[in-house]
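Once you have looked at the hints, place chain B on chain A.
Chain by chain, the residues run as shown.
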Amino acid sequence: MSKNSQFVKFDKVDKSYDGKVLVVKDLNLDIAEGEFITMLGPSGSGKTTCLMMLAGFETPTNGEIYLDSNPISNIPPHKRGIGMVFQNYALFPHMTVYENLAFPLRVRKVSKDDIDKKVDKALSMVSLTGFENRMPGQLSGGQQQRVAVARALVFDPAVVLMDEPLGALDKNLRESMQYEIKHIHESIGVTVVYVTHDQGEALTMSNRIAVFNDGKVQQLSSPDKLYEEPVNSFVAEFIGENNRFAGQVTEISNNKCKVKLDSGSEILANPITVKSNGEKTIVSLRPERALINSKEKMENNFKGKIEEVIYHGDHTRVRLDLLGNKEFILKVPNSSANMEIKLGNQINVSWNSFDARALDPK
Amino acid sequence: MSSETQKILTTDGIPLEESLKKAEKKNKLKAFLLVCPLLLFLIITYVFPIGDMLFRSIDDRMVTNMLPKTYKAMEKWDGKDLPDEEVFEAFYLDYKKLVEEKTFGKLATQLNYEKNGFKSILKKLKRKMKKFEEGNYKEQIMGVHKRWANVEYWRALKRRAPAYSYSKYLKGVDMYENENGKIVQVPEDRRVHKILWVRTVEVAFFVTVLCFLMAYPIAHLLATLPMKYSNLLMICVLLPFWTSLLVRTASWMILLQQQGIVNDFFVWIGLVSDENRPEMMYNKTGTYVAMTQILLPFMVLPLYSVMKTISPSLMRAGKSLGGTPFVAFWKVYFPLTIPGIGAGCLLVFILAIGYYITPALVGGASGTLISNQIAFHMKSTLDWSFASAMGLMLLTGVLAIYWVYNKLVGVDNIKLG
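Going down the list, the protein sequences come from chains A and B.
Whatever position you read off the first sequence (first residue = 1), add 4 for the working numbering.
Whatever position you read off the second sequence (first residue = 1), add 297 for the working numbering.
Keep in mind that the hints are not guaranteed to be accurate.
[As the list claims (entries may be wrong)] Incomplete in silico selection of chain B near chain A, CB under 10 Å: (1) 610; (2) 612; (3) 615; (4) 617; (5) 619; (6) 628; (7) 629.
These are computed hints drawn from the structure, not numbers from a lab.
Bear in mind that the values here come from a model prediction, so they are computed numbers and not experimental data.
Glycine included, every Cβ here is placed at the ideal spot set by N, Cα and C.
The following block holds chain A by itself, in its conformation from the complex (with noise of 0.2 Å):
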């Protein structure tokens, strides 16, 4: 069976709730059948108001949103099939875990005997079950979430959406579900479309990850090619860490260009989206790209001054006073080696010009 690639598609979806602001600009967007994808991005960016136009809660302001090739702007969100976990898990207080499962399917005039059915293969599948008669007040955070998993799932929808799902939850239990729902997605192969503006969350559970800012699609892609290769400043700062220089292009060739930094040293980059000389850029690095003494002869190489020293335990982090940027991190991981890391020494950085990334100056 060939699996759908537009399975989900927004075509040219703006949103505006005041006629003034559009929260969503010119979204197009395609989800293909089966795949986890996860819109992330700062809060006010517009995935939530995405997942809620999908969901059938609000509608377009322009343009179609296409599920399985039918357009479903006109449809009511009781007719979209589409299951949803919601930031407070929104289960029926004065239902128990039986009856909260068994509500779609009762509403679908499912017979009780497939419902019993359905509902202890749900429960089985986030392990919870024997729990059928409890109240969701009586079940921890962490249950009452696997209960709204559950309950969107029963009834074999086509797309699951989940908002923020994990936000309430302690560190700890967090990364535990996070693990547990990426499993629960490969086994039973459901489209997932997932909302949070936790990165981690993001990196760890998606097949491709939509970063969102100011109502666009900033970049969409995989996990690593996300982290590796950003394609904008704003990308490339929202994920992970990554060290910053300003300044303009002097020259530029095919895969190499020269950056003059304010403080006036030159660097050499890796051109993304400067295309001429004299564009205002911004480079990004990697912390973990930069290495200290390193053998290997790298095009740049200079010296800092070590700022700040903190113990991570696994890795050392190193705050560099470094070609006018004073908080150029370095990870170091711990190793004997690394012993003359002290506070106020002098030490030699060095990276390749093609992880340092010239990019949009914003």
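Okay, now just chain B, sitting in the frame of chain A:
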């Protein structure tokens, strides 16, 4: 022995329980002192008056105390034939004393309640009494008026002998104890109270239903609108609440009277002709309209406070799981508002069942309620014991409703805010 040794001791060797009691004693005393003023206030303004009311409703000592000798003499009387000379003499002596004290009028009023015609023969007796000679009072009294020779009147007198009676309660439900001591209904044309009780419950019930039907959407709107609109709407709900009850009732009189604004409007749009303006006041319609409007906030507020706590995502969840908007409302939203419905309905019903001023002003003859009857006996007939009896019957009714509600829904489910 073992329990002695197992007692847990504090570091100082005092038993833990004792030590804890000592530590909490001070807090308990503090708490009690803080509550004390309210407790006193409640006892003085609530427990005491209600107790007094209960006492008054069964207290029938007035006549008993006015005719002590008579009742003493009557103890031997079997009530079949006319009493003996002894009773007549005792009665003469008692009555003479009352005449001297000038309190005989009260006796006349009280006895007249028991049997019509007592007042005039007592007055006549007072006039003729001055010329009475000593001895043979039976002949002399019977000579005053032929009713004094009627055994019915003496029986009526005897019926007032007990110091305490429940006759007022019987009267409240249109019953009385007849000459033979049987409890029977009053003649059909005099059964006023039963009609009033039924009407009171009916009005309270329908006012509650009307309030609920109107308040539910308002409360829902209040709970879901954005803050700036909901505040305005809230003020609209509360504004009548802050206006004097009398002013509001009076304004309903202006609106609803036959030459009033509502009728003018009906005539203007051609709904009714000018000659056939409907009467919307001084009947049940007026009572319904005014009471519903006045009691509406008592329904809106508890509903609102409950609805405010229901997350909008619950309705969304209901819909996204495949429930039509109606199903989502009926299965998810509505059950969650039941505590508010219970509180609102109980509040409105209890207030409505004892409502006084509005029915008094706009109710007319067919729109008055039991509370108006109580007020009538308090102010006009001065039959306070009867008013107390009806007041207590009303109170018992309310407590019964509360009990039934508690059995059905559970009082812990009430949420007032």
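Hints, verified against the model:
This hint holds: residue 610 of chain B has a C-beta 4 Å from the nearest C-beta of chain A, less than the 10 Å allowed. The beta carbon of residue 612 of chain B comes within 9 Å of a beta carbon in chain A, closer than 10 Å, and the hint placing it at the interface holds. At about 7 Å, the closest approach between the beta carbon of residue 615 of chain B and any beta carbon in chain A falls short of 10 Å, and the interface hint on this residue holds. Taking 10 Å as the C-beta contact cut-off toward chain A, the hint placing residue 617 of chain B at the interface holds, the least distance being around 4 Å.
Look at residue 619 of chain B: its Cβ gets to within about 5 Å of chain A, closer than 10 Å, so that hint holds up. The criterion of a C-beta within 10 Å of any C-beta in chain A is met by residue 628 of chain B, whose closest approach is roughly 7 Å, and the hint holds. Evaluation of the residue 629 of chain B hint against chain A yields a held restraint, the C-beta minimum of about 6 Å falling below 10 Å.
Going down the numbered hints, you'll see the structure goes against none, and every one checks out.
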